[in-house]
Each structure stands twice: as C-alpha cells, then as structure tokens.
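2 protein chains.
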Amino acid sequence: MRMLINVPETVVADALRGVAAAHPELTVDVENRVIVRRDAPVAGKVGLVSGGGSGHEPLHGGFVGPGMLSAACPGEVFTSPVPDQMVRAAAAVDSGEGVLFIVKNYTGDVLNFEMAAELAEDEGVRLAKVLVDDDVAVTDSLYTAGRRGTGATLFVEKIAGAAAEEGAPLERVESLARRVDEVSRSFGVALSAVTTPAKGSPTFELPSGELELGIGIHGEPGRERRAMMTSREIADYTVDVLVADRRPSGPVLLLVNGMGATPLLELYGFNAEVHRALKERGVTVARTLVGNYVTSLDMAGCSVTLCEADEELVRLWDAPVQTPALRWGR
Amino acid sequence: MRMLINVPETVVADALRGVAAAHPELTVDVENRVIVRRDAPVAGKVGLVSGGGSGHEPLHGGFVGPGMLSAACPGEVFTSPVPDQMVRAAAAVDSGEGVLFIVKNYTGDVLNFEMAAELAEDEGVRLAKVLVDDDVAVTDSLYTAGRRGTGATLFVEKIAGAAAEEGAPLERVESLARRVDEVSRSFGVALSAVTTPAKGSPTFELPSGELELGIGIHGEPGRERRAMMTSREIADYTVDVLVADRRPSGPVLLLVNGMGATPLLELYGFNAEVHRALKERGVTVARTLVGNYVTSLDMAGCSVTLCEADEELVRLWDAPVQTPALRWGR
Numbered sequence: 001m002r003m004l005i006n007v008p009e010t011v012v013a014d015a016l017r018g019v020a021a022a023h024p025e026l027t028v029d030v031e032n033r034v035i036v037r038r039d040a041p042v043a044g045k046v047g048l049v050s051g052g053g054s055g056h057e058p059l060h061g062g063f064v065g066p067g068m069l070s071a072a073c074p075g076e077v078f079t080s081p082v083p084d085q086m087v088r089a090a091a092a093v094d095s096g097e098g099v100l101f102i103v104k105n106y107t108g109d110v111l112n113f114e115m116a117a118e119l120a121e122d123e124g125v126r127l128a129k130v131l132v133d134d135d136v137a138v139t140d141s142l143y144t145a146g147r148r149g150t151g152a153t154l155f156v157e158k159i160a161g162a163a164a165e166e167g168a169p170l171e172r173v174e175s176l177a178r179r180v181d182e183v184s185r186s187f188g189v190a191l192s193a194v195t196t197p198a199k200g201s202p203t204f205e206l207p208s209g210e211l212e213l214g215i216g217i218h219g220e221p222g223r224e225r226r227a228m229m230t231s232r233e234i235a236d237y238t239v240d241v242l243v244a245d246r247r248p249s250g251p252v253l254l255l256v257n258g259m260g261a262t263p264l265l266e267l268y269g270f271n272a273e274v275h276r277a278l279k280e281r282g283v284t285v286a287r288t289l290v291g292n293y294v295t296s297l298d299m300a301g302c303s304v305t306l307c308e309a310d311e312e313l314v315r316l317w318d319a320p321v322q323t324p325a326l327r328w329g330r
Numbered sequence: 001m002r003m004l005i006n007v008p009e010t011v012v013a014d015a016l017r018g019v020a021a022a023h024p025e026l027t028v029d030v031e032n033r034v035i036v037r038r039d040a041p042v043a044g045k046v047g048l049v050s051g052g053g054s055g056h057e058p059l060h061g062g063f064v065g066p067g068m069l070s071a072a073c074p075g076e077v078f079t080s081p082v083p084d085q086m087v088r089a090a091a092a093v094d095s096g097e098g099v100l101f102i103v104k105n106y107t108g109d110v111l112n113f114e115m116a117a118e119l120a121e122d123e124g125v126r127l128a129k130v131l132v133d134d135d136v137a138v139t140d141s142l143y144t145a146g147r148r149g150t151g152a153t154l155f156v157e158k159i160a161g162a163a164a165e166e167g168a169p170l171e172r173v174e175s176l177a178r179r180v181d182e183v184s185r186s187f188g189v190a191l192s193a194v195t196t197p198a199k200g201s202p203t204f205e206l207p208s209g210e211l212e213l214g215i216g217i218h219g220e221p222g223r224e225r226r227a228m229m230t231s232r233e234i235a236d237y238t239v240d241v242l243v244a245d246r247r248p249s250g251p252v253l254l255l256v257n258g259m260g261a262t263p264l265l266e267l268y269g270f271n272a273e274v275h276r277a278l279k280e281r282g283v284t285v286a287r288t289l290v291g292n293y294v295t296s297l298d299m300a301g302c303s304v305t306l307c308e309a310d311e312e313l314v315r316l317w318d319a320p321v322q323t324p325a326l327r328w329g330r
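First to last, the sequence lines map onto chains A and B. First residue of the first sequence: 1, per the UniProt record's numbering; consecutive thereafter. First residue of the second sequence: 1, per the UniProt record's numbering; consecutive thereafter.
The set of hints was computed from the structure by calculation and includes no laboratory data. Here the structure is a predicted model, which is why all the values come from computation and not from measurement.
Identical copies look the same in the list; a pair holds intra-copy or inter-copy alike.
Dumping the calculated SDA-like pairs for lysine to any residue here, alpha-carbon to alpha-carbon at most 25 Å:
1. 279 to 20
2. 279 to 17
3. 199 to 209
4. 199 to 8
5. 199 to 2
6. 199 to 210
7. 199 to 229
8. 279 to 24
9. 129 to 108
10. 279 to 10
11. 129 to 27
12. 199 to 233
13. 129 to 246
14. 279 to 233
15. 199 to 230
16. 279 to 246
17. 199 to 108
18. 199 to 10
19. 279 to 7
My request is simple: use the sequences and hints to build the entire structure.
Take a look at the structure:
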C-alpha cells in the first residue's frame, strides 16, 4: 500500500487537523466533521452547505470561503456524511436568510441531506436543496438512481456562492444553482483504478493498456472499456458524448479536471485537444479551468465538464472567490 | 503505459498549447517554448525568468504572472531548457531595469542559464543570477554538483517576484532571492517511482511496501530505502533532518508539497503531522501552503520545505500574486 497515512481509520480526522493547521481562515470542527468559513454566519447572506464522501479533495472543503461555500461536511472516504453534520453546518451558517444544500446525486447523500433538511427546518432554518446530476455516462449507477453528480458541482458551488455573496435571496440562489446544473454536462475517463485506504488494493481491475470510458468518481463502471487511446481520441470521444447529450447554444465554462494522479503536464496537453474538439464542433469557450478539483484519490484519468454560461453566469463565475482551492479577484 | 498523451515527442508542445488555451493572460510561444506574462515588459520593473525541465508542473509556467515570474522556459521532460529560450525570455521581459535568472541547481540548467546570461548581456540586458539549492538529502546527485534545487524555488520566485512588482531594483531583488534560498531547506520522500513519457516504464524500482527517503524530483536516489512508514513517522524523520541541517531561529513559511500522485486528503493529513513535529521541536509556522506545486510527474510522495521568514519575508509572501497556480490578494 503506497499511502501517506497513519491508519485507515483516522484518514479523514487527520486531514481535517491538517486543514485546520493550514487554513486559519476556516473553522474546522474535527470531532463533528464540519468545515465552516470563520466569519459565518454572515449577516444578510444565504448560507451554502455541501458535503459528500471524502476522497474527492479539494471538493468540498477546499471550496469553503467568501464567494463559494459557507460550510462543508466530509463523510468517510467514498461514504456519505451523516445528517448530524449537515444540521450542525446549517445552524452554523444560517443568518436568518436561509440555507441551500448542494447535494451530489448519490443515494446516501440524497437520503442524508433530506433527513438533515427536515431536522434543520424543525429547528427553524429555512432550507432549500439542489441536486447535482451532470454525469452523462450512465443513467443509473452503483450508488445512484439517475445521473451521478461530478464536475458540475464546482460550477454550482461557485456561481450560487457568488450570488449569495452579493446578497441574493434564497429563492434566487436556489434557482441559479438549479439552472447551472441543468446547463452542465460531464464525462470522465479512468486510466487507472482507485485504491481506498480501507481496502488497500484497487477497487476494480483495469489492466495496463486499457481505459474505462464514463468512469464515476468512486471507480464505478462507465460505458465501456477500450484499448488505450490518445489524448486526441479521448477528447474527441468525450466532446462527442457531451455535445450529443446537450449541444450548448452559447459559450461554455470549461472544466478540464484531473482525477488525482494524472500530471498537470498531461492535463494541459489534454486541454489543448478538448479546445480543438470543441472548436471543430462549433462550441466556443468563455472560461477554462484546468486542474485536479473533483478527484478520486489516486486514480489516473480526467473528466470534462461543460457549463453553458450566458453573461450573467460568466459574471458570477468571474466574481471574487477566496477559498483554499479557488481564489481570484479581490 | 497509463498516460493521457498523444505521443511522447509532443508532450511539452501539447501542454503549451493547452496553457495558451486556458490562460489568455499569458503569452505562450509554443514553437520557441517561452511563457511570458502578457503585459511584459512592465515599465520600471525588474524581470524574473526561471525554467527547467518539464514534469514538475505547475513549476515554473504556473508561476508566471503579476507578483511572481515574468517568464518561464520549459525544457523537455526532466531536461534543461536551452539557452535560446532564456535569451528570448530575457529580451521579452526586460524593461531596462534588468533581469534575474532563477536557476535550480542541476548541472544542465546551470550551464545553459550561464550561457544564456552571457548572450543576453551581449545584447545589452543587465543580468543577475541566483541558484536554488535547498534539498538537504544529498550533497551531490545524479544531475547535480552540490545540493539540488526543489521546493524553495517556489519561495524564491514568490518573494523575489513580490519585491520586483513593488519596484525594487535588480540588486535588491537578487539579494532577496539569495537570502530566501539561504534560509530554506527541503527534504522529499517517494512512495512510488516516476514514469516519463519517453521511457514509458518507471525510471527506478521501488517495491510496494518500501519508500525512498531523500528522493529527488527526477527520481534520483536519496539517502536510504526503508519499509513503509506512517505519515507520523515520515513527518518526524523529515523534520528532524531539516532542523538538524538548519534550525530556524524564527517562524517559518511551510510548504507541504505533493509529488504529483498523492491525494490531497493524504497531504493534508501529513500536514497535521508536520505541524505537530515542528511544534514539538520548537519551530513556529507563520504560513502554510499544502498542495502539488513542485512535482515529479506521476510520482507518489511528498516533500517539506521550511523557509525562515522575518516580517519582511512574510509581508512579501502575503503580497498579491496572480498566476495560474498561486493567486491571492487583489
């Protein structure tokens, strides 16, 4: 096992202690597993809470801060957080303007956020929920009824977060988040399997020289397995799948995302091919983000997310953000 | 071979096309392999140029922009750039205030930057050079006479870049860069070998269940190989080596750096152990950066860099920076 850990049982708690040590601008409750921006609740501002299994870092904890999430709830590796975490997070960030839960579409997450919403409402928090389900690879999956939530989560959290920071009311933040999910599509490819600390060996077998097209962020099976393809071929395949599912009628925000173990050198080369493939199909790109943002531990591979963005969405994308993983603007 | 590439021969050019597509704020000369901030030369400002073999991304291209490098010259993978690249970069960024070359201590880089400096001076550019040699693992190495340059490069580029942005003259920018190198120490650990596109197989053998202490960023051998250690043990070993070489007499800037394939979840857990180990040895931390910044393609592992920083260095570290990989402040 090639892991930089103590024991599998403490991986998430250890990481949270490390987040606390590196980021004094965040409040980290290690015991109860909640990461909150230090100045929460912010008067007059809607709170944004997300969360999910650990192993996808920087998602979600790395997206907590001004202009994005108010709080994040990390579960065990590849395991939903529990309702108590979400209820605590909602209480910590609610200024009276209400809270939006941003939920990736996995059965455990959906159930636990649903339960947490009921509990938080009982405590007087006005709550809305939005489901992210952007992955076009498969209809149902190992842990999912309907499409999986992957890369679009970053766009939903950034754009809804910007609107909340500007003082938009809950209904508007919710409708923006839903709109971003509706105009976003993702597709991922694995070049290697993923190894969780608890298992210590790859969660599936992917022989060298083969790749899995349509992989999920927990190593869930995709559409098909093929002999290794070039970066150019993977870009063409991926963009074809995305555009066939939903052809953007205007410019897109583009996320070229690494699964964790693919070098940035390769990701940028892949980005060149994705740009070429989009251009050949008449899709224009307004903004590009390249890097490891929605990962799957040590999996090699990549995903592409397109988010069709009108001027308003581009403006909210460009708005200032100050989180560990995304920072720009003032 | 599990790589997201077309063919090994075009990996660097493909990546540069991808950088150009993602970052309109940079000027990328793909043919001549130079990345320059778009507004260069900036009137009244010293130019900062670095470069080195590719495969360490985001170093150096990801550090080009206001507040950090003026230009970067990427060589082939793990191969020095050629003098022509550095001469072009110097010409592109010189406003008349002179140019500082920041050179990691590897024999090829040292020779080629030396030759480039002579050529650029012949063309009338006022030039200074600083060598980065922070890696305490070994005295000489496969590609090095003296200590290797690794993580401290990030601190040198950031702090000298901030001073240059404020209008400091060449002599001052150079002396600051030298000072940062002098007070910085690094040590790295590999949990897996590294595979270059050209070779297609690991450049050295590291059996599962073993790690290499004191690894270089090209997979050069370190001090010793041991049976797998815990995150806590690696942090204790690393901090002991660093503090034995140079005990900081004041607070440090801390870089907890991933080698490329180690998940952020593990890196943050390791950061908690490094903070603990430093505290136990009486070293206080002023600022912490955790992430994959000075990498070795797909190698799993980590390195730790300590940079003793007085108030002035902390202020320059905190100063605004706008590059693809480091962004904060205005």
